[in-house]
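Visitor: Whenever a hint applies, use it, and build me the whole structure from the sequences.
Protein chains: 2
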Amino acid sequence: MSGRVVTLKTKAKLRARKSGTASSVQDIVQTLRERIARHDVSPGAKLGEQELAAEFAVPRTRIREVLGVLESRGLIDRIPNRGAVVSRLELDHVFHLYDVRAVLEGLCVRLATENAPPETWDEFVELFGAPMDEFVANRDFDAFIVVYERFRRRIIEWARNPVAARMLDSIYEKTNVVIRRIVILPGRAKEGLSEHRAVVAAMRAGDGETAERLKRMNLQNAKETLRRFQKYVL
Amino acid sequence: MSGRVVTLKTKAKLRARKSGTASSVQDIVQTLRERIARHDVSPGAKLGEQELAAEFAVPRTRIREVLGVLESRGLIDRIPNRGAVVSRLELDHVFHLYDVRAVLEGLCVRLATENAPPETWDEFVELFGAPMDEFVANRDFDAFIVVYERFRRRIIEWARNPVAARMLDSIYEKTNVVIRRIVILPGRAKEGLSEHRAVVAAMRAGDGETAERLKRMNLQNAKETLRRFQKYVL
DNA sequence: GGCGACAAGATTGGCGACAAGTTTGTTGAC
DNA sequence: GTCAACAAACTTGTCGCCAATCTTGTCGCC
Numbered sequence: 054m055s056g057r058v059v060t061l062k063t064k065a066k067l068r069a070r071k072s073g074t075a076s077s078v079q080d081i082v083q084t085l086r087e088r089i090a091r092h093d094v095s096p097g098a099k100l101g102e103q104e105l106a107a108e109f110a111v112p113r114t115r116i117r118e119v120l121g122v123l124e125s126r127g128l129i130d131r132i133p134n135r136g137a138v139v140s141r142l143e144l145d146h147v148f149h150l151y152d153v154r155a156v157l158e159g160l161c162v163r164l165a166t167e168n169a170p171p172e173t174w175d176e177f178v179e180l181f182g183a184p185m186d187e188f189v190a191n192r193d194f195d196a197f198i199v200v201y202e203r204f205r206r207r208i209i210e211w212a213r214n215p216v217a218a219r220m221l222d223s224i225y226e227k228t229n230v231v232i233r234r235i236v237i238l239p240g241r242a243k244e245g246l247s248e249h250r251a252v253v254a255a256m257r258a259g260d261g262e263t264a265e266r267l268k269r270m271n272l273q274n275a276k277e278t279l280r281r282f283q284k285y286v287l
Numbered sequence: 054m055s056g057r058v059v060t061l062k063t064k065a066k067l068r069a070r071k072s073g074t075a076s077s078v079q080d081i082v083q084t085l086r087e088r089i090a091r092h093d094v095s096p097g098a099k100l101g102e103q104e105l106a107a108e109f110a111v112p113r114t115r116i117r118e119v120l121g122v123l124e125s126r127g128l129i130d131r132i133p134n135r136g137a138v139v140s141r142l143e144l145d146h147v148f149h150l151y152d153v154r155a156v157l158e159g160l161c162v163r164l165a166t167e168n169a170p171p172e173t174w175d176e177f178v179e180l181f182g183a184p185m186d187e188f189v190a191n192r193d194f195d196a197f198i199v200v201y202e203r204f205r206r207r208i209i210e211w212a213r214n215p216v217a218a219r220m221l222d223s224i225y226e227k228t229n230v231v232i233r234r235i236v237i238l239p240g241r242a243k244e245g246l247s248e249h250r251a252v253v254a255a256m257r258a259g260d261g262e263t264a265e266r267l268k269r270m271n272l273q274n275a276k277e278t279l280r281r282f283q284k285y286v287l
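Same order as they appear, the protein sequences are chains D and F. Read the first sequence against this note's numbering and you will find it ends at 287, with the numbers running on by one and no gaps. Read the second sequence against this note's numbering and you will find it ends at 287, with the numbers running on by one and no gaps.
Hints were generated in silico from the structure; no laboratory data involved. Treat the hints with caution; some may be incorrect.
Which copy is meant is left open, because identical chains are indistinguishable; a pair holds if it fits in one copy or across any two.
With a Cα cut of at most 20 Å, we get these calculated SDA-like pairs of lysine to any residue [as the list claims (entries may be wrong)]: (1) Lys227 - Ala98; (2) Lys276 - Glu167; (3) Lys227 - Ser125; (4) Lys276 - Gly261; (5) Lys227 - Arg126; (6) Lys99 - Val138; (7) Lys243 - Met270; (8) Lys227 - Leu272; (9) Lys227 - Pro215; (10) Lys243 - Val178.
Guide: Rendered as C-alpha cells:
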C-alpha cells in the first residue's frame, strides 16, 4: 500500500521536474489560441488529443477540456468520434464578423469618448500624424499594426464595458490574420489612416456620436476593400 | 474478470432502462439554462455536482462538462474546490448588456430591412396596432411579451448574421428576467409600443438606417427607465 | 461562556482504465 | 487489376476511483 503511494508521489514529482511546471488548462488554451490566430497551425488541420497530451505532458482529460473551451469559442470544430480540426474562415463569415465588429467598435469609441478625459487622445493625434505617414511610406506594416492595436486596446479600456470587450476579443482572435492581409492591400493603409485621423479628431473634440459614425464607416470601408480583393485574401 | 465485464454491462443496461434515455450534455445544458433564465433557481444558489448527477442520472463527469459550458457562457461562477453558484446580475452589468444589445439589435434591424421583402413586416404593423393596444390596456403583459419575442426572432432570422444572433442570444439568456420587470414599469409598455411602431414603419418603408436609429433609441429609453426605477427592479 | 484548534465528513479536482467507433491495411474473389 | 469485405490498430468517448481541499461539528482551553 505504502509502496503505491510512493509511486504516485514519485510520478508527480517526475512530471513536475521534467517539464518545469505542469501546464494548466488556461495556459494550454492560450498557447493554442495564439497558434491558431497566427496560423502556426493552418485551418483544417487536425488536433489529436493524444498528440497534444504528449506535447504538453498532461493527461488526455485535460486536453479534452481545452478542446471544449476552444470549441465554445468557435476556434475549432469537433466531429463526434473523429476528432477536432481548426475552423476554416468562410468569406461570408468574415463579413458577418466585420458587420458586428463595426457596431461594437463604434459603441466603444463613443463610450470611450464619453468616459476618458480629452487629453487621453493627444497621444494618438500625434502618432497618427507624421510617424504613421512614415510607416505607410516605408511599407512598415508591422509598426503600423502595432500602433493600431495600441489604439484599439486603449479604446476598449476606456469604454469600460466588459461585455463588449469580451465579444470584440472573440472577434479579434478569429480575424487577426485577415486584418494583416487587408492593410497590405493597395491603398488601404493610407485610406485607413486618414479615416482614423478623423475618428481621433472627433474623440479629441469630445464628439462621441461623430466618432462612432466615423469608426463604423471606417470598418465598412475595410470590409468593402476586402470584398473587392477577396480573391487575393482568401 | 469476465464477471466484472458482465457487471458493467448490466449496470449500463439498468441505467438505460431506468430513466428511458440518458441525457446528453446538450440536453442538460438546455434544461439548466432555462431554469436559470426563468429564475427557477435563484441567483446565488449553489449547484452541487453530485446533486445534479443524481437528478439527471448521469455520471458526475458529464455534469462537470455541463458546468464548464455554463461557466463559459457566464451563467454561473465557479470557485475552485467550493462549487458552482448561479451568477448574480449586478445592475452595472445589466447596463453594459443593454448598451451592447442596443447596437446589436440596431444592426439586425438594419440588416433585416435590407434582406427581407417589405411585406414581411405587414404582420407586425398589424400586431403593433389595435391588438397590442388592447394588451396594454388590459395589462396583459404575457401576450405583450410573446409578440415582442416573435418580432425579435423574426428580425434575427432575416438579419442572416449568425455572429450577431449568437451574441444576442447570450444577452437574452441573461436579461430575460429584467425585460419582464421593465415592461411592467409605469408607462413603459405604452412608450415601448409607440417606439416599436416607428421602427416597424421604417422597416416597412425599407429605410434601414432610420429603423436602426429608432431601435437604438428604443433600447436607450428602456435602459433609462430601468435606471430611474432601479430600486424597484433589482 | 466564548473562541480557537483539530478531526471527521462531504465535495470538488484529477487521472487512468475500459468501451465504442473510425480509419487503414490486407486478403480474397471476381 | 480492381473492388469489397474483414481485421487490426488507433482515436475518441465514458466512467469510476482516489487525492486534495473545504466545511462543519466537537472538544479543550482561556
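Visitor: Evaluate each hint against the coordinates.
Guide: Here's how the hints hold up against the structure:
For a Cα distance limit of 20 Å, the shortest separation of lysine 227 from alanine 98 inside one copy, 16 Å, qualifies, whereas the shortest one across copies, 35 Å, does not. Taking the shortest alpha-carbon separations for lysine 276 and glutamate 167, only the inter-copy value of 17 Å comes in at or below 20 Å, while the best intra-copy value is 27 Å. When the C-alpha separation of lysine 227 and serine 125 is checked against a cutoff of 20 Å, the pair qualifies both within a copy, at 13 Å, and between copies, at 18 Å. In this assembly of identical chains, lysine 276 and glycine 261 lie within 20 Å of each other by CA distance solely across copies; the values are 19 Å between and 23 Å within a copy.
For the identical chains of this complex, lysine 227 and arginine 126 are neighbours both inside a copy (9 Å) and across copies (18 Å), given an alpha-carbon limit of 20 Å. In the homo-oligomer, the alpha carbons of lysine 99 and valine 138 lie at most 20 Å apart inside one protomer (4 Å), although the nearest pairing across protomers, at 35 Å, exceeds that limit. For the identical chains of this complex, lysine 243 and methionine 270 are intra-copy neighbours only, at 15 Å inside a copy versus 35 Å across copies, given an alpha-carbon limit of 20 Å. Taking the shortest alpha-carbon separations for lysine 227 and leucine 272, only the intra-copy value of 16 Å comes in at or below 20 Å, while the best inter-copy value is 29 Å.
Proximity of lysine 227 to proline 215 under the C-alpha cut-off of 20 Å is found in both arrangements, the shortest distances being 19 Å within a copy and 15 Å between copies. With identical chains, the CA atoms of lysine 243 and valine 178 are at most 20 Å apart within one copy only, with a shortest distance of 16 Å there and 46 Å across copies.
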